[in-house]
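Visitor: Single-letter residue listing:
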Amino acid sequence: MISDTCLLTENRCRMLRHVPLIAALGLLAYAFRANPVLTEIASGIAIFLFGMLSLEQGFKAFTGGALERLLRRSTEKLWRSLAFGAVATTLTQSSSLVSVITISFLSAGLMSLGQGIGVIFGANLGTTSGAWLVAGLGLQVDISAYAMPLLTFGVILVFHRSRPAKGLGYILAGVGFLFLGIHFMKEGFTHFQDGIDLIQFSVPGLAGLLLYTLLGMVATVIMQSSHATLVLTITALAAGHVDYDNALALSIGANVGTTVTALIGAVGANIDGRRLAGAHLIFNVTTALIALVFIQGFVLLVELVSGWLGIHEDNHALKLALFHTLFNVTGIVLMVPLIGRMVTLLEAGMKPKPAVLGKPKYINATMLDMPGAALEASRRELLRLFRRVFSLIAQVLNYEPGRLRRLGTVEYLEAPPESVRAVDADDLYLRNIKPLHGLILDFLARLPVQGKRAQQLVMLRVASQQLVEAVKDAKHLQKNLVRYLGSGNPHLRNEYLGLRRNLGYLLSRLDHRAADPEPKDDLELELAELSGRIEQSDVVANGRLDELIRQRSITAEQATSLMNDSAYGYRISKNLLAMARACFLPFEEVDVELREELELDPAEVRAAIAGEDTAAVVRRDEPG
Amino acid sequence: MRRDRLLHGFRKLLSSDLRYQLEKRDKLRRILAGMRKKQQELERTLAGEPDREVRNELRRQLRVVKEQRRKGLDVLNELRGGRKE
Numbered sequence: 001m002i003s004d005t006c007l008l009t010e011n012r013c014r015m016l017r018h019v020p021l022i023a024a025l026g027l028l029a030y031a032f033r034a035n036p037v038l039t040e041i042a043s044g045i046a047i048f049l050f051g052m053l054s055l056e057q058g059f060k061a062f063t064g065g066a067l068e069r070l071l072r073r074s075t076e077k078l079w080r081s082l083a084f085g086a087v088a089t090t091l092t093q094s095s096s097l098v099s100v101i102t103i104s105f106l107s108a109g110l111m112s113l114g115q116g117i118g119v120i121f122g123a124n125l126g127t128t129s130g131a132w133l134v135a136g137l138g139l140q141v142d143i144s145a146y147a148m149p150l151l152t153f154g155v156i157l158v159f160h161r162s163r164p165a166k167g168l169g170y171i172l173a174g175v176g177f178l179f180l181g182i183h184f185m186k187e188g189f190t191h192f193q194d195g196i197d198l199i200q201f202s203v204p205g206l207a208g209l210l211l212y213t214l215l216g217m218v219a220t221v222i223m224q225s226s227h228a229t230l231v232l233t234i235t236a237l238a239a240g241h242v243d244y245d246n247a248l249a250l251s252i253g254a255n256v257g258t259t260v261t262a263l264i265g266a267v268g269a270n271i272d273g274r275r276l277a278g279a280h281l282i283f284n285v286t287t288a289l290i291a292l293v294f295i296q297g298f299v300l301l302v303e304l305v306s307g308w309l310g311i312h313e314d315n316h317a318l319k320l321a322l323f324h325t326l327f328n329v330t331g332i333v334l335m336v337p338l339i340g341r342m343v344t345l346l347e348a349g350m351k352p353k354p355a356v357l358g359k360p361k362y363i364n365a366t367m368l369d370m371p372g373a374a375l376e377a378s379r380r381e382l383l384r385l386f387r388r389v390f391s392l393i394a395q396v397l398n399y400e401p402g403r404l405r406r407l408g409t410v411e412y413l414e415a416p417p418e419s420v421r422a423v424d425a426d427d428l429y430l431r432n433i434k435p436l437h438g439l440i441l442d443f444l445a446r447l448p449v450q451g452k453r454a455q456q457l458v459m460l461r462v463a464s465q466q467l468v469e470a471v472k473d474a475k476h477l478q479k480n481l482v483r484y485l486g487s488g489n490p491h492l493r494n495e496y497l498g499l500r501r502n503l504g505y506l507l508s509r510l511d512h513r514a515a516d517p518e519p520k521d522d523l524e525l526e527l528a529e530l531s532g533r534i535e536q537s538d539v540v541a542n543g544r545l546d547e548l549i550r551q552r553s554i555t556a557e558q559a560t561s562l563m564n565d566s567a568y569g570y571r572i573s574k575n576l577l578a579m580a581r582a583c584f585l586p587f588e589e590v591d592v593e594l595r596e597e598l599e600l601d602p603a604e605v606r607a608a609i610a611g612e613d614t615a616a617v618v619r620r621d622e623p624g
Numbered sequence: 001m002r003r004d005r006l007l008h009g010f011r012k013l014l015s016s017d018l019r020y021q022l023e024k025r026d027k028l029r030r031i032l033a034g035m036r037k038k039q040q041e042l043e044r045t046l047a048g049e050p051d052r053e054v055r056n057e058l059r060r061q062l063r064v065v066k067e068q069r070r071k072g073l074d075v076l077n078e079l080r081g082g083r084k085e
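Note that the protein sequences, when read in sequence, are chains A and B.
According to this note's numbering, the first sequence is numbered sequentially starting from 1.
According to this note's numbering, the second sequence is numbered sequentially starting from 1.
These are computed hints drawn from the structure, not numbers from a lab.
Here the structure is a predicted model, which means the values were calculated and not measured.
One or more of the hints may lead you astray.
[Stated by the list, open to error] In the PhoX-like style, the derived pairs of lysine-lysine whose C-alpha atoms are separated by at most 25 Å in a straight line are:
hint, chain 1, residue 1, chain 2, residue 2
1, A, K351, A, K472
2, B, K27, A, K452
3, B, K24, B, K37
4, B, K66, B, K24
5, B, K27, A, K434
6, A, K361, B, K66
7, B, K71, A, K574
8, A, K479, A, K434
9, A, K520, B, K27
10, A, K520, B, K66
11, A, K60, A, K166
12, B, K27, B, K66
13, A, K520, B, K24
14, A, K361, B, K24
15, B, K24, A, K452
16, A, K574, A, K434
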């Protein structure tokens, strides 16, 4: 009975949620019926927005390569971040796409918050290019003539199999739709002149300024695009339906309204996304306040610059584009010196939630469209998984993870544990490792990658599995390790202490290497050195086991255990080394190929240690 | 000479494979230089080390570094050979 009531309430809630949408659609349908000109304007807006979506979709096809490479190179210096934001937004006509890429890079740790803010500031400047395009080109030329061929070429390419061709198709179709949308809006407003005179609704003075700023905000929130609001304002202004002063206020409102869209998007994002949205909000609100307070000054400045640029006195559409650019540039000039403080403020005010064991820190669903950043984030997540595996194996070996992490001294590594204890490796695995391992695998499986990136993805997937294999071997090793570390037989105890010391040393070196931003030696050299140590300490390969059996220092049963446990230790070491090779350095195809060629196989390492000719050892290892 | 250099530059510009091979060779050279430095460092330490056990450990490390360098030099020679073909 209770559950039926709950279900009914839930269904009602779900229906109520759709009421505003249904009401809005109904209202629009009525308005279209009452005034066909309104249909023309509304369809213009719809086509324009669809064009923006198509353009965004097209550029996403290139986000796996060119855009990401460009962003990686462009964010070393602040001015480069600003330039990237401005140029990328001008080309893509989508500040939201640039924001999404920036958030992905921030989350993957590929750029700092300061650099990200630089890109967002630049993107704000880039959005002003849309106004120039419409005011300068869209209203002067019959752009619908270009729209049709663009749409035709675009749609043909969209059906192409190749990803870049498809992307180009979406871009062409997107530009075509943008042009067509502008054309419909322009036509709609021209026809509107025969009907109602909207100019009668213009409000002068401060009240008008505030009212139209609010209107601009609302329009941007509804259309989810400041660009669309600006285009609508410019076309209405050009047709004489909006007063110039009110149009200025609408453009200010559009700038504030766009942050609402960003804030809504940031609700589901991680801490980096929220901080970036915070920076966006601070920038746009401050800029809007400056524009509102000094509106008269800006108007005078627009008149002055218009004179220099040769903009005709009556060309209010271009003047509006100039005003939009000027107040955004002013915002950038004033806010750039404050980026450092803004970063401090945002980092202090928006703290990340304490890390939840099972939750990932670097990877999230928003990155799925950015394979480069997503793979780098996965690599970092794997390093996080490695630290957990480190902690688990250290505990299995009866070391204190914290002390081992600080590159445990030889004395600490060699000293027998004060009291030998067994940890619940299964429980630790289930709580700390398995959930994160699963999430990484799930994330990697959903990444749409091809070619070289697919090779990296496989490497990361294998590395994740190697970490889990190392944990499972450590669990098996623990059984006898706990038993024989306290053994009365000094020979056997020493062998297990040696096994423990070697693994502890390896863990400590790898952990140190993973955390070292500027390592002294090349990774391959360090791994080869560690590999040499592993080969030398293998009791089966170095003949130590035979010696112990011959001298009857251990029983046959103990020899079997030692042999098995030595194999577990060997496998743990090899898996950890292989994981380090795949994850310790950011992916570079050249590096991967070189490392594969430089890697010494066990036979080569053994031969080198023994001072023999490698070929002779390989021959000896061959069957028959 | 100047013409050769120009031709080489032009080929480099056109061939992504050649560009890739050159990048790989430069990286390998840097890695090998690091290895040589490490080898010299180990040899210096070994010369001044009186403890037998530590000397043995250093010798082992030295052998691995030498083997790693040898392999690296082989790859470098292969790359050079590949370019001449």
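Visitor: Compare the structure with each hint and give your call.
Guide: Structure-based check of all given hints:
no.	hint	verdict
1	A:K351 x A:K472	violated, 36 Å
2	B:K27 x A:K452	holds, 19 Å
3	B:K24 x B:K37	holds, 20 Å
4	B:K66 x B:K24	holds, 21 Å
5	B:K27 x A:K434	violated, 37 Å
6	A:K361 x B:K66	violated, 40 Å
7	B:K71 x A:K574	holds, 20 Å
8	A:K479 x A:K434	holds, 21 Å
9	A:K520 x B:K27	holds, 16 Å
10	A:K520 x B:K66	holds, 18 Å
11	A:K60 x A:K166	holds, 11 Å
12	B:K27 x B:K66	holds, 18 Å
13	A:K520 x B:K24	holds, 21 Å
14	A:K361 x B:K24	violated, 33 Å
15	B:K24 x A:K452	holds, 16 Å
16	A:K574 x A:K434	holds, 21 Å
Of the numbered hints given earlier, the model fails hints 1, 5, 6, 14; all others are met.
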